[in-house]
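Q: As they're listed, the protein sequences go chains A and B. In case it helps, the working numbering puts the first sequence at residues 30 to 169. In case it helps, the working numbering puts the second sequence at residues 28 to 135.
If you're looking for bench data, these hints aren't it; they were derived computationally from the structure. Just so it is clear, the structure is predicted and the values come from calculations on it, not from any experiment. Ideal placement from N, C-alpha and C gives every residue a C-beta, glycine not left out.
Examples of chain B residues lying across from chain A (beta carbon under 8 Å, computed):
#1 60
#2 65
#3 77
#4 80
#5 84
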Amino acid sequence: MSESVKFHFDVNGQSFTSAGQASVAVKKSLRELGISPEVIRRVSIAMYEGEINMVIHAHGGEADVEVYEDKIVIILNDHGPGIKDVELAMKEGYSTAPDNIRSLGFGAGMGLPNMKRYTDDMKIETELGVGTKITMTVNF
Amino acid sequence: MTVEELSKKGEFEAVTLPDPERDIDGCYCGDLLSWVMGRAKSSQAWITIMSNINIVAVATLCDVSCIILSEGVALDGDVKNVAEAKGVNVLKTPLPTYEAAKLLGGLI
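All chains should be modelled from the sequences, with the hints used to inform the complete structure.
A: Shown next, in the form of structure tokens:
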């Protein structure tokens with residue numbers, strides 16, 4: 030594989046019904062590319078958490094996945110409110126999600142920590158009122 | 028034990044079984060989806076009281092052999108159709124989660 034394989038998804042922020050579509054599609058594509066199940070698991074979990082975050086906090090966004098010879102890079106971009114305190118947001122159990130989200134089984138403050146846990150590198154670029162870009166890398 | 032075999036055991040009942048031959052080799056119980064996603068393992072049965080659409084995506088990502096709705100919980104809206112389309116087996120039981128897991132543990 031000399032060039033990277035790229036996937037692009039629009040994450041619909043209107044409802045939870047479509048959340049997970051991009052992660053499930055990526056999982057399927059990575060399986061077809063012969064990527065190991067453990068790497069697929071890490072990528073799809075990190076990406077699903079990101080998708081859910083975009084639906085809860087940012088009215089959706091875009092997800093790009095690039096598969097290289099030795100790594101997978103996931104870039105999540107949204108035009109939401111931005112993250113006020115990244116250090117606090119990274120703390121397990123800290124959440125700003127509303128109660129209706131909690132009743133769905135999310136909003137436990139596990140999203141960003143899970144994304145960090147399941148990837149080898151995670152970079153957060155955020156600006157209040159402008160949006161957030163998260164770049165995650167999973168090495169093979 | 029396959030998911031279909033489990034669905035014929037007294038307290039468990041099939042809601043939808045698009046992939047009935049999946050083998051069950053363990054069990055994970057949990058309702059916090061982010062937690063479940065990181066910990067449930069492939070081919071385990073996942074017992075939960077959550078019944079909204081997101082459980083289908085979580086089950087797919089974790090590759091569990093089936094979702095078991097405990098406590099007599101019913102699936103929301105058209106979640107059954109989505110689960111069927113995505114190949115996710117769903118069973119239900121009137122038992123509380125602990126009792127369901129205990130019974131399942133004795134069967135597999």
